[in-house]
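Peer 1: Each chain, written out:
Number of protein chains: 4
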Amino acid sequence: MSSRADDTDAVADVGLLTPIAAGTVGERLTSDRAVVDAMVRFESALLRALAQHGIAPTTATGVADAIAATDVDPRTLALAAPVGGAPVLPLIERLRAAAPDDVLPWIHFGATTQDVVDTALMLMAQDVLRQVESDLGRLAVTLADQVRAGRDVPLVARTLTQHAMPTTLGMRIAGWLSGVHDAVDAIRAAPTLPVSLGGPVGTTAAYGPEGPDVVAAVAAELDLAVPVTSWHTRRTPVAAIVHTLLGAGAAGGKIAADVLLMAQSEIGEVREAEGGPSSAMTHKANPAQSVLVASAARELPPLASVIEAAAVAEAERPAGPWHAEWQSLRWLLRLGSAVAERTADLASGLRFDQVAMARNLDQLVASVGADESWVATQTDATRPWIDRVLARHETMYP
Amino acid sequence: MSSRADDTDAVADVGLLTPIAAGTVGERLTSDRAVVDAMVRFESALLRALAQHGIAPTTATGVADAIAATDVDPRTLALAAPVGGAPVLPLIERLRAAAPDDVLPWIHFGATTQDVVDTALMLMAQDVLRQVESDLGRLAVTLADQVRAGRDVPLVARTLTQHAMPTTLGMRIAGWLSGVHDAVDAIRAAPTLPVSLGGPVGTTAAYGPEGPDVVAAVAAELDLAVPVTSWHTRRTPVAAIVHTLLGAGAAGGKIAADVLLMAQSEIGEVREAEGGPSSAMTHKANPAQSVLVASAARELPPLASVIEAAAVAEAERPAGPWHAEWQSLRWLLRLGSAVAERTADLASGLRFDQVAMARNLDQLVASVGADESWVATQTDATRPWIDRVLARHETMYP
Amino acid sequence: MSSRADDTDAVADVGLLTPIAAGTVGERLTSDRAVVDAMVRFESALLRALAQHGIAPTTATGVADAIAATDVDPRTLALAAPVGGAPVLPLIERLRAAAPDDVLPWIHFGATTQDVVDTALMLMAQDVLRQVESDLGRLAVTLADQVRAGRDVPLVARTLTQHAMPTTLGMRIAGWLSGVHDAVDAIRAAPTLPVSLGGPVGTTAAYGPEGPDVVAAVAAELDLAVPVTSWHTRRTPVAAIVHTLLGAGAAGGKIAADVLLMAQSEIGEVREAEGGPSSAMTHKANPAQSVLVASAARELPPLASVIEAAAVAEAERPAGPWHAEWQSLRWLLRLGSAVAERTADLASGLRFDQVAMARNLDQLVASVGADESWVATQTDATRPWIDRVLARHETMYP
Amino acid sequence: MSSRADDTDAVADVGLLTPIAAGTVGERLTSDRAVVDAMVRFESALLRALAQHGIAPTTATGVADAIAATDVDPRTLALAAPVGGAPVLPLIERLRAAAPDDVLPWIHFGATTQDVVDTALMLMAQDVLRQVESDLGRLAVTLADQVRAGRDVPLVARTLTQHAMPTTLGMRIAGWLSGVHDAVDAIRAAPTLPVSLGGPVGTTAAYGPEGPDVVAAVAAELDLAVPVTSWHTRRTPVAAIVHTLLGAGAAGGKIAADVLLMAQSEIGEVREAEGGPSSAMTHKANPAQSVLVASAARELPPLASVIEAAAVAEAERPAGPWHAEWQSLRWLLRLGSAVAERTADLASGLRFDQVAMARNLDQLVASVGADESWVATQTDATRPWIDRVLARHETMYP
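Residue numbers (my numbering), protein chains in the order written: chain A, 10 to 407; chain B, 10 to 407; chain C, 10 to 407; chain D, 10 to 407.
Calculated directly from the structure, the hints in this document are not laboratory data. None of the values given here were measured: they were computed from a predicted structure.
With the Cβ distance kept under 10 Å, some of the chain D side facing chain A (calculated, not the full set):
1. 45
2. 297
3. 329
Simulated DEER-style distance windows between Cβ atoms:
4. D/400 with C/194: 22 to 32 Å
5. C/404 with B/107: 49 to 59 Å
6. A/357 with C/376: 21 to 31 Å
7. A/360 with D/110: 30 to 40 Å
8. C/376 with A/376: 21 to 31 Å
9. C/63 with D/400: 21 to 31 Å
10. C/381 with A/383: 34 to 44 Å
11. A/283 with C/376: 12 to 22 Å
12. A/282 with D/67: 40 to 50 Å
13. B/62 with A/229: 51 to 61 Å
14. B/283 with C/217: 32 to 42 Å
15. A/400 with B/62: 18 to 28 Å
For each residue, glycine too, the CB sits at the ideal point set by N, CA and C.
Bound-form chain A, shown alone (with noise of 0.2 Å):
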């Protein structure tokens, strides 16, 4: 098996059509390499959770340290993978091959494929949601001194597209805010992912009367939860991990749609630290990074619904939903992470015009006939919701 096979530079896709991705670190938590190494992690876990045990013989804790430092080139894995259906037994025989002939039966013993990619997709989702909860503090932090600075900075509010009533900058972005602690809460809310071990057929037959200890066993190497019972075809964390994204992906998407919405020439209030060029237009500054954010936004649910759809598994393992899920979760897992690290960056750099909120508002108090007094009896009211946004953000946030 070569190192690299070579036609991986004509078939690769490296982030051209999700510029959103390209370059943030949930791109890498998420590659092809990235998912090769988890797998590579639960094959090295499982072997020494069965020395640990008496089941491999005691020298398999070597062969576990080295199977953890092979080279497994991803696209070696993804051509032979068609045969079988999944990457798991050319990543096997890889494994295998390196190994001493006393250790090798055990490698991969009583595990089944699902066990191998479903394990892995847990630790890349597990990396992945800690880097979201990062990027959404970061994110959090940042409105919220947003909130405070535009505490009483009166500005038009919008209800289907129309100027309604006043409010106040620091009400809109307290909005804002609100969304991303609810998206921040859901991450610390779930519980730890679960490793998947139950063999062939859910039952970890092969390890006797100890299935629940060896399960265990590989969880705490690899820090994930031991499940209830098998979840090949219950697929409760999967959907979890969903609607704690499609959470990152709305809260992200509000943003980028008022950003959006303020920032359109004739409005005004808000720009992009970095407007996007135009290619044909120099006179131009696009709000390019609320776009690449809305667009994300837009891919996420259709994606979501493919895993929810994938719930409905039959049998011990399904033929289809499944294997549906794969690609599913890492576009999840990737464009979640970029909307949440992409928001962050775009909130802190946002700019906002007081002029021109200014101007908006005298619109709007023009056209209904009323004055400034007016104007600070319903920004008053904004002050009460405010504080409660930013006390839960104290608590959140300490």
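Fit chains B, C and D to the supplied structure of chain A, relying on the hints for placement.
Peer 2: Same frame as chain A, but now just chains B, C and D:
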């Protein structure tokens, strides 16, 4: 305004194309009538709260009682809705028509269309989720009995359509049961749904500094929660409902998928209590309930994606996303609760055929060249997992 | 069987949550009543065809007439549907109840449930598509007039939310019109929808060698086409309907999106004829029709995905996918036709504001540092494109 | 600009999570490399057209040739893309870097980012659809042979999971073949895809009155069609591609679904040529190709819904919808063509087992209490339908 628009029969949907829901509790809880009743409850509760806080005159309390008893025809509202884009203005006109002059201005005071509809949908969702929890509880108890009864009944486990290894009927059903447990846990862990009362732009400005207090009073009246701030464009509560319903749909859909597989003519391991008659073939008994459940489970994820996409809602109230939620949320609630109710019925009537199970298992044993002790080794391993699932069950349903 | 199930009012959906459709022609064409009528038409046509071919006695022709006039209550069928999974068996019982003994066995002879429902849905779709073509035609004529009137009206073109370059109102509306043309072309190019009459397993075995002739006779009676072979599990006709409706939805949705943008308070380039009143703010006139159209356009793609997924239908008739089509197809038809009708109304009432257009364009001209000749150079370039669009229009609507 | 960004291996997707596509022709046709090549082709063709029309100097033709041969690294473009939101500006910089000063201003002259990306995607789609038609043709020829061979092979037809009535293998495969015919017809009937060249706001203003001529020249160079007017926000061409790919996906998905059903251990009517090995059970031969096809067929409709939703694109170029198309369209093309290629391979290797068919049919005959003549009556009825399908086939593949 007549009490009933006369084209109702010609346009009404009465369940003809959704047999899964026809006649269920959830159908009634999510009808247009139920929505109207909930909107009326909101307006009544708001008026009462305004009287309590001295905003409306004390006589408003009596009017609030009268409002609560108003008969409002859904079709009449529907026909008047397109002008303003929502069925709320015609409702308010209807309610005001019967109110005395001094109270009239206080009906709907400080609220906006979205407050009425969103609160009504939350009231509906609260009712439906309670019903779903009840039906899933009934289902869980049935399944737990079947797990216990099937604990030592070996049968063939199938993966990717093929005979794989032996398992037990108890283990398979324990998988179903765990899915139901997960769905119930999600309902139980869900926070109380919030009232919506932000007023035109989410600031409750009409109530002055008492905004949060008025909101709290209405929430208390309706057994709903007080949101940290307006959720007009922060759709976390709706997303949580959707996620919960998807969980119920997945739990039921998984069971239906397995019944459909096991009920196949060549497999014959289970039958529905009352096989559905065929319009063309009297010798057939279709697993009609499972078909309906499987069918509904396919509809849920795309409906969910409408709502997930609507989470990106621009400005203080958006021009499109929110309106798209209404019908999709109603159908998610209706189909989700129908899945729970029908699956509970379905499960309680399942007739397992141990002769068929033994026959199919023999085929596997022969193909592997094994014997009964091999089967016993495999099936023994299921016990600790079954015990874990049953222990959880006993904690949840003591 | 009573003529009306008594819980109808308590469960009926009468358009409350879909104001876009309430009161439209498409709502009526897609009601449960309309489905029942179409199912009855199928059974009547089949019986007549059987008499024609000497399979049923000649007296069956008179019974076919009587059947066609039978009053059948949709709710009664709906309540009886869950047992068998479809509303067809109770319909047949109802029709047989009134038939003489010698004709009774020939009612529904050789047909299966799916034939009845699928043919009824095709009849409904045929009616709806005719209506959509008519509404889109009305819309196209309106838009063509506006293109001509706006041919020399300069206004600012916007890209990625920003002022980009000058264009003309005629050019913008020519883009709308082209979308409508595309949608109409798709309807006109669509082949006649097929009858479904395959019998239990798609072989028309009950008719012996005359199968294709009987199918042709029923098709002729119903103005439907004869399929090359049974399409029970080959859903091309349904996919074609879906694609066509998505085209109508896109054409209307694009117009609504632009109206929503141009109608914003700061932009003010267009208003709807009757601005939607606000339940809370009397100074507002919401673009309510555009909001409804935009909202419906969001629901169509996910509904489409239910049907697209159901194209993977196993065996001779599947256990789930087909059942999931019914409701989704009805809603696609209803919402798609509502978009066409409402957009035609909307367009005919648009009030364009050339003062606002000039003001916004001035802003662009100033920001670029250009002058009027620059605007003229830019807008002159639109003429050949406008001419191409109008030429197509004149070919399509001579 | 180095020729290769050095983090490529760490971020590249090389097919690991999409074994259906790994190693297929469609994978290569849709890689980032292929997109870059197509973008370069567009810029080269545009420059040549500008020289032809005397807009650019005649020396530009030679530069156009040089551009066409430029080596551009996709990852470098991807990393530079987020600033402007698309990989076009860095591409133009790269191309201009090598151009002489007098030609430099004419590179990309009059075009906009969307023109480059949309045209590149059309070029890619054109290639992929040609490949899909070829693979479906191969599939159709295989199936037609199987229809002829299976014409008189009786087997049991199944509906709603249950034995229903006898049919023939030829009739079942004729259903598959008809689906493939439908998909091929759709590709053949599709109009040539259009070039995109509208310039910043769709008016081709940079080319003055020659706009349509320049567009026609570029279209001719690239074997694409001239649109009636700019389709920047009229996404009919993309919708047509999506519809066509869904048809291919449905045709393949249906076959895979039936193979998965018929290959079940208890049914055994068919096997794949090379059963996929199991990572855990050596006695198993999984129908791995069918699983992969079934899995891909599940991903297509949600991806389609992203693009269908993006058809509602505001203004002259929208802020989000269009960007969301790129990745979804690529995956639709890749997965759709993978389905066609894999299903063609799958079908050609199917091993039908007439003994199993007879055994299963005997079970039905016994349950009905019928005899062989009954089977013959039923199966004879399939002949005229089979003949119709084969007649169509011979017309399509003479």
